[in-house]
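Undergrad: Heads up: the sequence lines are chains A and B, in that order.
Quick note on numbering: the numbering used here labels position 84 of the first sequence as 84, and the sequence is numbered without any gaps.
Quick note on numbering: the numbering used here labels position 130 of the second sequence as 130, and the sequence is numbered without any gaps.
Treat the hints as calculated values from the structure; they're not laboratory data.
Mixed in with the good hints there might be a few duds.
Since the list gives no way to pick out one identical chain from another, each pair is judged satisfied if it fits inside one copy or across any two copies.
With a straight-line Cα cutoff of 30 Å, these simulated DSBU-like cross-link-like pairs (lysine-lysine) come out [said to hold, decoys possible]:
| hint | residue 1 | residue 2 |
| --- | --- | --- |
| 1 | Lys6 | Lys102 |
| 2 | Lys102 | Lys23 |
| 3 | Lys102 | Lys162 |
| 4 | Lys6 | Lys162 |
| 5 | Lys130 | Lys6 |
| 6 | Lys130 | Lys23 |
| 7 | Lys159 | Lys6 |
All values derive from a computational prediction rather than experimental measurement.
Here is what each chain is made of, one letter per residue.
2 protein chains.
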Amino acid sequence: MNYPSKVLERAVEEISHLPGIGKRTALRLVLHMLNRPVSQTENLANALNHLVQDIQYCEKCHTISDAHICQICANPLRDSSVICVVEDVRDVMAIENTGQFKGVYHVLGGRISPMDGIGPGQLQIESLLKRIENESVGELIFALSSTMEGDTTAFYLYKVLKDFNVNFSTIARGIGVGDELEYADEATLVRSIQNRIPYVESTLKG
Amino acid sequence: MNYPSKVLERAVEEISHLPGIGKRTALRLVLHMLNRPVSQTENLANALNHLVQDIQYCEKCHTISDAHICQICANPLRDSSVICVVEDVRDVMAIENTGQFKGVYHVLGGRISPMDGIGPGQLQIESLLKRIENESVGELIFALSSTMEGDTTAFYLYKVLKDFNVNFSTIARGIGVGDELEYADEATLVRSIQNRIPYVESTLKG
Chain A
1 MNYPSKVLER
11 AVEEISHLPG
21 IGKRTALRLV
31 LHMLNRPVSQ
41 TENLANALNH
51 LVQDIQYCEK
61 CHTISDAHIC
71 QICANPLRDS
81 SVICVVEDVR
91 DVMAIENTGQ
101 FKGVYHVLGG
111 RISPMDGIGP
121 GQLQIESLLK
131 RIENESVGEL
141 IFALSSTMEG
151 DTTAFYLYKV
161 LKDFNVNFST
171 IARGIGVGDE
181 LEYADEATLV
191 RSIQNRIPYV
201 ESTLKG
Chain B
1 MNYPSKVLER
11 AVEEISHLPG
21 IGKRTALRLV
31 LHMLNRPVSQ
41 TENLANALNH
51 LVQDIQYCEK
61 CHTISDAHIC
71 QICANPLRDS
81 SVICVVEDVR
91 DVMAIENTGQ
101 FKGVYHVLGG
111 RISPMDGIGP
121 GQLQIESLLK
131 RIENESVGEL
141 IFALSSTMEG
151 DTTAFYLYKV
161 LKDFNVNFST
171 IARGIGVGDE
181 LEYADEATLV
191 RSIQNRIPYV
201 ESTLKG
């Protein structure tokens, strides 16, 4: 595309580096910015600068935080003996939104994926090991993606940590609440039958 | 959603003000920014600041430009007696990309749309009037959206300008090149029949 202005082109170029945003969408966004008050776009630019300059990660669980220790790790009411291992901060937010989990987290920062060149060394596994060594951890819950990479990551962690006196669990896989059986994929259906639970227990939990 | 960090929340908030980007997508973009080199996001922020601070509009045709007069208006090889009236800079770019139009443009900056509170006063109509008064304009091509608002805008312009010694034309509406007739909508099909052109002329142009 030929842009009538270098300033315009550069803005489109930078925006289109973001995932899922092509040149056309970027141009649409840029024109929107030109049609709204200048201050709004300045606020956006400021927020992005602040983001990359001021963001911190919790020293304990590695979630995004405004302090050295995140609000969850710093909360004495949370049960620090139960650690939920997740891939990224979105998973923490999703679980926190349910309001039902009272333990703490450990954010790996991704999952083992040889295809993407991500090995165990790039994930926060060393620090998880240290937490289990130094804190009195009773249970480790794997809340990882139900994909090859997620399963590989869980298996790797289990192998590394299995000699510690810790119970390992993984979140249940099965038919989603409200989902119809006939639309479930085969693998999920198989898992939901294999991992069936006593009826009475299930209804009490629901 | 509960965000674990104010810095994160503010960035998500600002990004989600953009059209077509919800909170979830904004969060995905923000996490992407945190996983790439800081300089890339700083470049983006800089580009946005430059955009809103340094952008200029051509004094003649009102397209986005890096100078007072845009490259097209300043080009002596362009035929300034033929003005193509468009809604915004994307239309200019689309037509320029064809490389077939040798005239100049006039960017209205939108279309008359009472529903969105946009009247003729908010569009660059006054300056189009001045161009026709002062320059020797032979033809005015309406290249506006084929919508109620686009048609209204063309009709309004025609009413305002019809006493000048200028030929008015509008871009052809019809079945797109490569499109199948059976999938065309009714209105387009009707227009394509009503505005049929002699066969020989059409094949020569093609």
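Undergrad: Evaluate each hint against the coordinates.
TA: Verification of the hints:
Within a single copy, Lys6 and Lys102 get their C-alpha atoms only as close as 52 Å, which misses the 30 Å cut-off; across copies the closest is 22 Å, which meets it. In this assembly of identical chains, the alpha carbons of Lys102 and Lys23 lie at most 30 Å apart only when taken from different copies (25 Å versus 44 Å within one copy). In this assembly of identical chains, Lys102 and Lys162 lie within 30 Å of each other by CA distance solely inside one copy; the values are 24 Å within and 74 Å between copies. In this assembly of identical chains, Lys6 and Lys162 lie within 30 Å of each other by CA distance neither inside one copy nor across copies; the values are 58 Å within and 37 Å between.
For a Cα distance limit of 30 Å, the shortest separation of Lys130 from Lys6 across copies, 29 Å, qualifies, whereas the shortest one inside one copy, 51 Å, does not. Neither within a single protomer nor between protomers do Lys130 and Lys23 lie at most 30 Å apart by alpha-carbon distance, with minima of 45 Å and 35 Å respectively. Taking the shortest alpha-carbon separations for Lys159 and Lys6, neither the intra-copy value of 54 Å nor the inter-copy value of 37 Å comes in at or below 30 Å.
Of the numbered hints given earlier, the model fails hints 4, 6 and 7; all others are met.
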